[in-house]
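Engineer: Modelling step: build the complete structure from the supplied sequences, incorporating the hints.
Chain by chain, the residues:
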Amino acid sequence: MNTSKGARILVVDDEPAIRRFLRTVLTAHGYTVFEAARGDDAVSQVSAQRPDVIVLDLGLPDMDGVQVTRVVREWSQTPIVILSVRGGEADKIAALDAGADDYLTKPFGTGELLARLRVALRRGARTTSEPIFVFERLRMDQTKRVVTIDGKPVPLTPTEYDLLRALVNDAGKVLTHHQLLRAVWGVGYDQEMHMLRVNISNLRKKIEPDAARPHYIVTEPGVGYRLRIIE
Amino acid sequence: MSTRPDPDALLARVTAETPERKRGKLKIFLGYAAGVGKTYAMLGAARQRKAQGVDVIVGYVETHGRAETDVLLNGLETLPRKTIEYRGVTLSDMDLDGVLARKPQLALVDELAHTNAEGMRHPKRVQDVLELLDAGIDVYTTLNIQHLESLNDVVAQITGVIVRETLPDSILDAADEIELVDLPPDELLQRLREGKIYVPEQAQRALQKFFRQGNLTALREMALRRAAMRVDDQMRDYMQMRAIPGPWAAAERLLVAVSPSAFGEKLVRRARHLADELNAQWFVVYVETQEKLKLSPSQADQLARTMRLAEELGAQTQTLAADQVTTAVIEFARARNITTIIAGKPARPRWLAFFRESVVDELIRASGDISVYIIHAEPDRRAKPARVEWMPRRPFLRYVMAVILVGLAIGASALLSPILHLTNVVMVFLLAVVLAAVYLGRGPAVVTSLLSVLAFDFFLVPPLLTFAVSDTQYILTFAALLVVGLVISQLTARMRERADAAREREQENATLYSLSRDLAVAADVNDILRALETNAVTMFGRQVMVLLANGSRKQLELVGKQAGAIDDNERAVAAWAYEHNQPAGRDTDTLPAAQMRFIPLRTVNGVIGVIGVAPSDSKSHLSPSQRRLFDTFASLAATALERARLSEEAQQAQTIKATEDLQNALLNSISHDLRTPLVSITGALSSLQEDDGTLSSATRQALIENAREETERLNRLVGNLLDMSRLEAGAMRLVRETSDIQDAIGSALEQLDRRLQGRQVKVDVADDVPLVWMDFSLIVQVLVNLIDNALKYSPRYTAIEIRARAQSNQIQVQVMDRGPGIPSKDLPHVFDKFYRVQHPDMVRGTGMGLVICKGIIQAHGGTITAENRLGGGTLITFTLPLKA
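Line order of the protein sequences matches chains Z and U.
Following this note's numbering, the numbering of the first sequence begins with 1 at its first residue and continues without gaps.
Following this note's numbering, the numbering of the second sequence begins with 1 at its first residue and continues without gaps.
It is worth saying that the hints were derived from the structure and are not from the lab.
Using N, Cα and C, we set each Cβ at its ideal position, and we do this for glycine too.
Hints should not be assumed to be uniformly reliable.
[Said to hold, decoys possible] EDC-like cross-link-like pairs, simulated, lysine to aspartate or glutamate; straight-line CA separation at most 16 Å: (1) U:K25 x U:E177; (2) Z:K106 x Z:D14; (3) U:K345 x U:D323; (4) Z:K206 x U:D176; (5) Z:K205 x U:D767; (6) U:K103 x U:E131; (7) U:K345 x U:D361; (8) Z:K205 x U:D768; (9) U:K762 x Z:E130; (10) Z:K205 x U:D764; (11) U:K25 x U:D186; (12) U:K124 x U:E312; (13) Z:K205 x Z:E192; (14) U:K82 x U:E118; (15) U:K196 x U:D186; (16) U:K762 x U:E801; (17) Z:K206 x Z:E130; (18) Z:K106 x U:E111.
[As the list claims (entries may be wrong)] Here chain U is said to cover these stretches of chain Z; the calculated rule only asks that three of the stretch's residues, wherever they fall, bring their Cβ under 8 Å from a Cβ of chain U: (19) 25 to 32; (20) 131 to 145.
Structural biologist: Below, the structure is given as C-alpha cells:
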C-alpha cells in the first residue's frame, strides 16, 4: 500500500540520539521524517506539516506527552504512537485514554516499531470500519454477527461478542481497561474490572488455541488488551 | 618533705592559670564596715583603668548620696538598672543581661553580698558576678568582712548582730586581687557622727550597736588578718612556684569527722578557721555505717547542708562507707597523712558513756600519733533542724490509747492479783508499756510507764486506793517498773523509727528500681520518656518534661507528648540550667520564681539536656528527700537517654556499614554484569563496522544475533537494578486490581516468547482459581523472573511447568523445572541479595531476580519458597492472599 511507503512521520523526542536513530531507520524504510524536541514545537509541526503518524515521547521538557496528545486530539485524528519506559503504566494509560493509538516500551526493536507504525498508518487511512475481519484462523462477520475459528462457528455470549467487536474494530491498537469497559458495558462500569477479566478469560477459552498462551487477544500488563493483527 | 614544690601542684597551677585568661578577673575591695570608703576606692581605681583605655561600665553602684562618691561616678558609663514590680513595690537591681549584652571589659558591681530582689535571675548578687566572670568580663566589687561565711559566728559573737547576707569564703580565694580599704575606727566613728555614712532609719539602732569602738576594732583586725593571710598565701605560692627555698610551714592536714547533726555546720566553720590559721589543707568526712544508712529525711538534708558548706569553705569532702566509724576515720587519716583530726564533743548524757564508749573516746584511743581536737558547741542557733515528728498524725489519740492501755492493765491485774504474787502482776504493766512502745510511739510509751507506776501503787499496792505505800520494798518495784518501762519504750521506739526509715528507704529503692527496670527495657527515646513520665507520676505525683539538646547544641527541644506545654519563661530557665550545667528554677538558687525545677541531664559526655518537674500547684514544693530522689531520677534518666542515643548512633553506623557493604557488593557484581554484554555488543558492532567483505553472511548474522541477545540481557539487568533500588528505597508501590492469574502467566510467557524458542511449557491453572487482588504488572514480572530462571538452569529438552491452585484463603503458584536443583546448603540463601548458586558451566545470574520476586510477593502479603523437586529440579512456590 502506498499509504505506508513515503508516509510522513513526526518524531517527537528530546533525546538527540533517539531522534537520530529513528530518522536513520525510518528514512531507510522510505518514510519522510520531521523532528521536534519540545511539546509546543510538536504541536505547531502537526498543524504545519500534517504528518500521517506521530511518534511521541512521554517525557518532554516543556509539556508532557499526555498533554501534547490532548492538544493534538482537539483538532486532529492523526495516529499517535507513544514511546515510554517500563513502569510508566499510569502515563501510558493516561495517554491512551487521551486518544493515543499505541505505545512502545523503550528499548524497542526496529521490527516492532515498523510493525506498529504500519498498523497505525492503516488505521489512520481507514475511514469506516470493515464489517468483516479476518486474521489467521479467526474470522468475524459483523453483518451476520458470526465468529468462526477455522470456519467453525464459535458460540459467544452477547457480552463476549461485544468485547471481541470492540477489539476487532480497533484491531492492533491497545485498548485500555477503561476504554473496553465503556465500549462494552457503557458509562458507569469503569471500576468493574472483574467482569472484564472474566469475559476476556472466557473469550480466550473459546477462540484461543491455547488459553494459557493467548495468541489473538494480547494482554498489555497494567494497561489493557490488544487484538493481534501482525505476527 | 614539703620543701620541694609538688609537681602535681605546679601542674595544677599552670593549668589553673591558662584557662583563667578567658575568665574575667575579680577584684574585691574589702572593708571591715560600711563607710570605710570601699565604693570610693573602687570608683577611683575604675577611673584609672578607664584613663588607660579600658572599657569600663558601672553595673551597679550605690553611692547613698555621698557627694564625694557621686563625683567619681561622673564620666563613667552607667548601665540602667533593671526594675521589677514585686507585690506592688518597684525594686531595682543590676541588669545582668544588659551587662552581658553590653560586654564591657570591666564592670563595677557594688556590694557583693547583696541579696537580689525577688524575680531577678539569681537570688544572690555574687551569682550575677560569677556569671559576668564566666562571660569573660572583669569585675570590681566591694565586700565587708562580716559577710564572710566562716566569720559569721565570730562576728555574731563579737557584735551581737547576726548578719544574714553571707558569702562562701571561697569567693575571696576566687578573687584575683583583694584590695583592703582601711580606715582607723576613730575616723570611721568621726565620719558617722558627721553623718557622712548612710544609715537607714529602721536599722539605726542596730547600726549604733554595731558601730562601737570595740566592735570596729575587732572587725578591722579580722579584715586585716584576712588580707594578710591572702598576701601570705600569694607569697608562699610565688616562692613555691619559683622553687625558692624557704621556711615552709609544716604541712598541716586537718580532718573533720562530721555527723548528720546540726552541730556539723558549726564544726565545719570552726575547722575552716583552724585550717586558715595553720594554712592547712583540710578534709571533711562523713562515715556512713550500716546503722546510719537509715537517716531520717531531715538528718540527710542536714548532712547534705554540712557537706556543701564544707565545700564552700574550701574543704575536700568525702563520704566513707564502713562498718565502724572510728576505723574508717583513722584509715582515711593515715592514708592522707592527716596531722589532726577534729571532732565534735558528744552531746549526750554522761551516764551513757558508762554503757558504751563514744566515737570520740574511741578516736582518741585509736589515733596514735595523730592529734585529736575536740570542739564543743551547742547546736547551731540558726540552723536548728525541724524536730523529727515521729508519727505526726493525731498524736493526741495515741495518748488516749496509752491511758486506755493502762486501764486495761489495771483490769487484768485486778483479775490476776488473787492468783499471782503482786510482784508478778507488775509484768502486766510492763506488757502494757511494751505494747505502747511498739504501737503508739515513744511519748505514749513514757506516759504509759509513768501511769503504770502510779496505777500499780494506787490500785494494787496496799493500802489500796491511796498513793501511800505500806511496805517499803515496793519502792524498789516502782523504780524497777519505771526504769524498765522507760528503757523499753526508748529501745522499742528507736527500733521502730529505724524500721520506718528502712521502710521509707525501701520504698525509695523500690521506686528507683521500678524506674531503672522500666528504663532498662526501654528500646528508644520514646520508651524512655514514657517510662520517665509514668514513674514521675508515681514517685512525685507530678509531670516531668525532658528537653534535649539537638545537634547544634544551643537549641533545646522539648521531647515527648507534652510538646508545646512549656512557655518561653520556663524555656529560658531550662536553657540556663543547660548552659550552666546547674539546677535552676523552683527551689534552687537560680530563678527560683520559676514554676518548674530543671535539673541538667549529665552524662560522661557532658550535658545532653534538662529534665523539668512541674509542681501540682504553685504552693507545693518538693521535700528535701524528694529533691534528692529527683536528682537520682535525673541521673538515671540521663544515663538511659545517653544509652539510647549511643545505641541509635551504633545502629546508624551499622546501617551505614550494611549499606556500604551492599553498595560494594552491588558495584562488584554490577560492574561485571554490565560490562560483559557491552563487550559482546561492542565487539560485534566493531567487527561489522570494520568488515571489508571477509565475514561470511552467516558470521555477520551470528554477530548481530549475539549483540542483540546481549542488549536484551543488559536491558533486563537495568530493569532489575531499577526494581531493586525501588525495593530498597521502599518505593515499590502496588497498583492492585482484580486480576486473572492465568492472564498473568500468559503475559509472562508472551514477554519471554523469544527466549522460549519452542521450549515445552506446561501451564496448569485449575478452573476454580479465583481472580486475585494484585498488582498485575509486578506479578507478571515475578513470573517472568521465575520462568527465566527455569529456562536458564534447566536443559533445553526438559519441560517447564507452571501450576496454579486455589487454597482456602490464598492462591498458590508453582514454577518447576527439571534442572540440577539447588544445592541444599544454598537453599536458605537463594532469596538473599546477590546470592548466586554456583552451577558449573551454567549461565550466571545477577543474584537479583529472586530478591525482587521476594520483595514483590511480600509486598502483596504472600510468601515465596524454594525447594528441590522429587526426581530432580527446582520448585519455586509463591502464594498470594485472596483478601488484601
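Engineer: Are the Cα positions of U:K124 and U:E312 separated by 16 Å at most?
Structural biologist: holds, 15 Å
Engineer: Would you say the stretch 131 to 145 of chain Z counts as covered by chain U, given the rule of at least 3 residues with C-beta under 8 Å?
Structural biologist: violated (count 0)
Engineer: Is the hinted pair Z:K205 and U:D767 satisfied, with a Cα-Cα distance of at most 16 Å?
Structural biologist: With a Cα-Cα distance of about 11 Å, the restraint between Z:K205 and U:D767 holds, given a limit of 16 Å.
Engineer: Taken at face value, is the distance from the CA of U:D323 to the CA of U:K345 at most 16 Å?
Structural biologist: Distance of about 21 Å is beyond 16 Å: violated.
Engineer: Starting from Z:K206, check that the Cα of Z:E130 is at most 16 Å away, please.
Structural biologist: Not OK: Z:K206 and Z:E130 at ~23 Å, beyond 16 Å, violated.
Engineer: Hey, Z:K205 versus Z:E192, does the alpha-carbon distance stay inside 16 Å?
Structural biologist: violated, 21 Å
Engineer: With the threshold set at 16 Å, check whether the alpha-carbon distance from U:K762 to Z:E130 stays at or below it.
Structural biologist: violated, 37 Å
Engineer: Sort out whether Z:D14 lies within 16 Å of Z:K106, counting only the CA atoms.
Structural biologist: holds, 14 Å
Engineer: Is the hinted pair Z:K106 and U:E111 satisfied, with a Cα-Cα distance of at most 16 Å?
Structural biologist: violated, 86 Å
Engineer: Sort out whether U:D186 lies within 16 Å of U:K196, counting only the CA atoms.
Structural biologist: Roughly 14 Å between the alpha carbons, so the hint for U:K196 and U:D186 holds.
Engineer: Sort out whether U:E118 lies within 16 Å of U:K82, counting only the CA atoms.
Structural biologist: Holds, because 12 Å separates the two Cα atoms, which is no more than 16 Å.
Engineer: Please verify whether U:K25 and U:E177 have alpha carbons no more than 16 Å apart.
Structural biologist: Cα-Cα ~8 Å, so holds.
Checked against the numbered hints given earlier, the structure breaks hints 3, 4, 9, 11, 13, 17, 18, 19 and 20 and satisfies all the rest.
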